[in-house]
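Peer 1: Chains as they are written, first to last, in our numbering: chain X, 47 to 665; chain F, 953 to 1205; chain U, 7 to 225.
Hint data in this document are derived by calculation from the structure and do not stem from the laboratory.
Any given hint could be a false lead.
[Stated by the list, open to error] Only pairs whose alpha carbons sit at most 27 Å apart, straight line, appear in this in silico DSS-like list of lysine-lysine:
{"hint": "1", "chain 1": "U", "residue 1": "K200", "chain 2": "F", "residue 2": "K1181"}
{"hint": "2", "chain 1": "F", "residue 1": "K1067", "chain 2": "F", "residue 2": "K1181"}
{"hint": "3", "chain 1": "F", "residue 1": "K1181", "chain 2": "U", "residue 2": "K198"}
This is what each chain is made of:
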Amino acid sequence: MNIIQTDLLCVGAGLAGERVAIEAADNGFSVICLSIVPARRSHSSAAQGGMQAALGNSAMGEGDSPDVHFADTVKGSDWGCDQEVARLFVDAAPVAMRQMAFWGVPWNRVVPGEQTYYKGGKPFTAFEKPENEGLIHSRNFGGTAKWRTCYTSDGTGHCVLYTLDNRAAQMGVSVVDKVEAIALIHDGAVCMGAIARCLKTGELTAYLARATLVATGGFGRIYRESTNAVICDGGGLITALDTGVVPLGNMEAVQFHPTGIVPTDILVTEGCRGDGGTLLDKNEYRFMPDYEPEKAELASRDVVSRRMTEHMRKGLGVPSPYGDHLWLDIRHLGEHHIRTKLREVDEICQSFLGVDPVHQLIPVRPTQHYSMAGVRTNSDGAAYGLKGLFSAGEAACWDMHGFNRLGGTSLAETVVAGMHVGGTVVEFLSGTETTFKTECMRDAYRKQEDRIKALIHGSNGRENVYGVRNAMFDTIMKGAGIFRNGTDLQESVDKLTEILARARKVGLKSNGLGANQELSLALKIEGQVKLAQCVCFAALNRTESRGAHTREDFPERNDRDWLNRTLATWAKPDDVVPTLNYEPATKVFEIPPGERGYGGGKIIPLEPAPEATPKNKKA
Amino acid sequence: MARMLKFNIFRYNPQDPNSVPHMQAYTIDETESMTLFIVLNRLREEQDPSLQFDFSCRAGICGACGMVINGRPGLACHTKTKDLPEEITLMPLPIFKLMGDLSVDTGTWFRAMYKKIESWCHTKKVFDPAAQEERMDNAVAEAIYELDRCVECGCCVAACGTALMREDFLGATTLNRVARFMLDPRDERTEKEYFDIIGTDEGIFGCMGLLACQDVCPKYLPLQDVLGKLRKKMAFAAVNNILPSFLRKDIKL
Amino acid sequence: MSVPSTATHEGLPVGKLSAYFDWLQMLTGAALILFMWCHLILVSSILLGPGVMNALAWFFEVTYMAQVGGPLIFLAFLLHFVLAARKIPFATGQQRLMLANAKRMRHTDTWLWVIQATTAMGILIMGGIHMWVVLTNLPITAEKSAARIQTGFWFVFYLFLLPMVELHVGIGFYRILVKWGFLDRPGRWVIKKKENLLTGIFIAIGLLSLLRYYFLPLK
Ligand SMILES: Cc1cc2nc3c(=O)[nH]c(=O)nc-3n(C[C@H](O)[C@H](O)[C@H](O)COP(=O)(O)OP(=O)(O)OC[C@H]3O[C@@H](n4cnc5c(N)ncnc54)[C@H](O)[C@@H]3O)c2cc1C
Ligand code: HEM
Ligand code: HEM
Ligand code: SF4
Ligand code: F3S
Ligand code: FES
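Please put together the full structure from these sequences, using the hints given.
Peer 2: Structure representation (structure tokens):
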């Protein structure tokens, strides 16, 4: 039995995991980051668009401030966010961007003088102030009042992740890749690390840690069509859910991005629309202004995705062998702009579609993209339910996104939350000692060993793991897609109950030796079905429409009954549905619930209306 | 008419005592817009669940899926079958340690690389959270980004004859990384310090100009230009103090 | 931090030897290229008539270019050999790797290197013999050369040496340009075409000269 001990164990070496790791290493603690893939292949590297921070350096960002950013974020979340956290985020974001600049991110900078930009497909000029020359520039993203998305061409996530990983190497953070955490070590009250399987040799190792961070990113891969990397499979959340005591927040809040390409579901960035790209239907007619006269293509993602689906349901989608889609048009941005500022988009279109976006339209449709849901933490990033367990990034429900995340806020969240949670982890490590209980570790280790043996020998059955996964894919998409309703959701919950039973009977077809990848999937299929069940069950119970959660049978946003957050735990391992609890969405109301200003829809108000709490007041 | 594609895939599981390296043949029907990502996943799901290979982003941006496709290193996820003949041979990248079948360990290689060249901005300044960011010319930022685009897929190393023959050769991706920091005004390393990293036969003077790196790089990094400029820069750095002043040169990257 | 298990000097400043060697390899290579071009003029002047060649040879002789230049070239030749040989794999394993790589990748530039390394071996031996023979039997005249070549042995000898040299020189020229960053990426393809043409022409001129020597009526 391999045992490795450390102060902080980061499960996940994406932006969130590494940022926390750096903070701890900087303060003299030993840190190990685990990752399924080499750190730089984490999904953060795929983010193209950029990161929001109210720096206000660019002409179109003039007058921006954390307050404006705050209002955008709260509206974007459809008042589902924790306003204390949102405030924390907007105030710290500019510092985080500057720190990234200091560490080496080649942000695009302000070029002074008249510059041509695009909005709604039309060019216009803006004057960049000479005194701002060389400061961090920003571009436009959906759902924001100002241009505030900092970017490096369209490789923002890539550059920021490379910079952070460089920094981690400098700080001596030990990043162990091709290792997958498959269970947490805990005694029901304290988390003591994780059991991990090496994806090079198949060996198990017990990592003992005083503090454990889940930063495993999103779980988009419980959907078949997702913009997420194939490693975004929810493994981290599964380890948390399996503890039976750690709740996952707002599992029904799943974001669909308007522009996944058809057929491969690869994302083309919101920056396309930010820079002036438009959406067209089968008649090549630009339909978004009809639905959203003010923001058009740049309303928040939930709204645009819904409008697109609505429009396609009217029969105005473009038929294709892979189902209906719409067109994204960026031709008018011109060859120079596309080949430089939107280069990755250009490459994706050319190499996966054979489409040249300078001359041709890009086939797109709304595609699963982001998990607002995650391990529920307090504003310090400490998970509910287990001491010593933390979470950050997309894996966490820190909750600045509520029911819809704005473009460019997730990448920013990873480093801002990383910075903040890193601080609290350091505090925790400085002030607490942990007693490692060897029997907990041995139990956890043996349990995983036994699971692996059972899978290899087929002791529970010989159910095909891929068959189970395909059934899950079909079911979750039926119930928990963009538009949801009670009937379909109930059906999905029932089906997932059956599928869960099948998942428990999975056995391998191959020999399971070494880094066997069928085994990797088999080890988490049950957990994935549970996650899918959390999504569907929470969505079934939330009888309102808020942000990305849209119930056709309950179209109003119901602040009276549902201004809260779902907390899902899997109380007993043999349960077939999660246990749901609820907590208030936010303890402070800097901005009381109101209209978002886009998306339409009726609101059932909260009575009595809450008073606005002054800025920066903690609950 | 849809083609039937024949795949010859290298198979070996070092963790299985009964496994010996061999080529295994598979056939699969071609579908529209098919990529090797789709092929390999279908093979694993439908024909052989023991098949090992790596993908992450499946969008050509993370560099996880480098393999030798019909003789040439490339990214499997953005290789379309319609650009390939009916018979396709897939091999793991050479040079990197084999994990099993098509999966290799690039992580260890690259981490050793970061350490060797200290792949980070060296500065004596301390970050001041209250201060405005230091200014930078946008053109400089763009030039850095151009070199920062490397996805560490390892294709350039696997394609380089020099790297194949000499284990200690740094490889194009490493030299490119060093060039990236040379360009960056935030990195305060001197020319001499850079020379100590790459001014050797393991570094830039080991490169024989085979340009396979340039020809296989899936992100089209300007490796030819970078290597040429680095050689000139380092070569002049070595002789500038003995050259008469009119021959001295400070090469800009 | 890893503790080295053997004494190591890693991290200490590196010497400049590699850089000097690289300069010298390039400069000797370039000098040899220039020389070969002049050499071609001399040798192929036979096509214009033995008189022209004799005149040229006489010119080199009286200016002492042959007596001094010859050995100097011989030195450059040796120096270049010693330097460039550092890059040539002598272990079979490495040779196989390189060859397998070129084959697998169907990559022209790697093949070009393989050609350069193989021709280099031939040139070392045959060029050495040739220079010895010519330089120990000065002065150069059309008569002597023709007599040598008409023995038949030397004709075949040069038939092998000529393409080897021209290929090596042509590729070497291209390689200097790419290695030292004189070409941008599009420029590379342009030069490669021109270089191939030039090599072809040189080989043709060389062959014609050889034939001319072979059929030159001896007095
Ligand atoms: C295509 C795309 C484009 C995007 N563009 C933008 C954008 O422009 N702006 C923006 O703000 N946001 C964007 N996002 C969202 C944003 O990129 C992600 O939310 C964010 O990068 C998540 O970072 P993270 O650190 O939380 O997780 P990730 O970067 O996903 O890292 C997860 C880490 O956890 C590891 N891991 C996972 N499971 C395990 C396990 N069981 N054991 C061990 N390790 C594990 C992985 O190997 C990885 O290292 C985009 C997302 C996608 C899909
Ligand atoms: C003794 C015989 C020779 C040997 C062993 C030899 C070997 C080599 C090798 C291995 C290279 C490649 C070096 C590299 O890629 O870094 C090379 C390059 C070169 N050779 Fe030769 N060579 C020989 C003779 C010659 C001759 C006679 C000429 C010219 C007439 C010549 C001209 C060149 C040139 C110009 C280059 C390119 C230089 C460079 O890359 O820096 N070589 N040689
Ligand atoms: C200073 C040195 C040299 C001198 C004086 C010299 C001289 C000559 C002369 C006089 C000939 C005519 C044939 C003969 O007399 O045999 C000749 C032919 C030739 N030499 Fe040299 N040579 C020199 C160096 C070299 C070198 C270094 C090479 C290449 C490695 C070379 C390659 C050849 C070839 C290939 C031919 C046949 C050419 C043809 O017919 O086109 N020579 N040389
Ligand atoms: S330089 Fe190109 S080929 Fe080499 S690792 Fe980077 S992206 Fe891959
Ligand atoms: S292939 Fe290798 S030899 Fe140099 S030019 Fe590229 S690194
Ligand atoms: S899987 Fe990321 S580049 Fe191919």
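Peer 1: Hint by hint, note whether the structure agrees.
Peer 2: Structure-based check of all given hints:
For the hint linking K200 (chain U) to K1181 (chain F), the alpha-carbon distance of about 23 Å falls within 27 Å, and the restraint holds. With a C-alpha separation of about 23 Å, the suggested pairing of K1067 (chain F) with K1181 (chain F) holds against the 27 Å cut-off. With a CA separation close to 20 Å, the supplied pair K1181 (chain F) and K198 (chain U) stays within the 27 Å bound.
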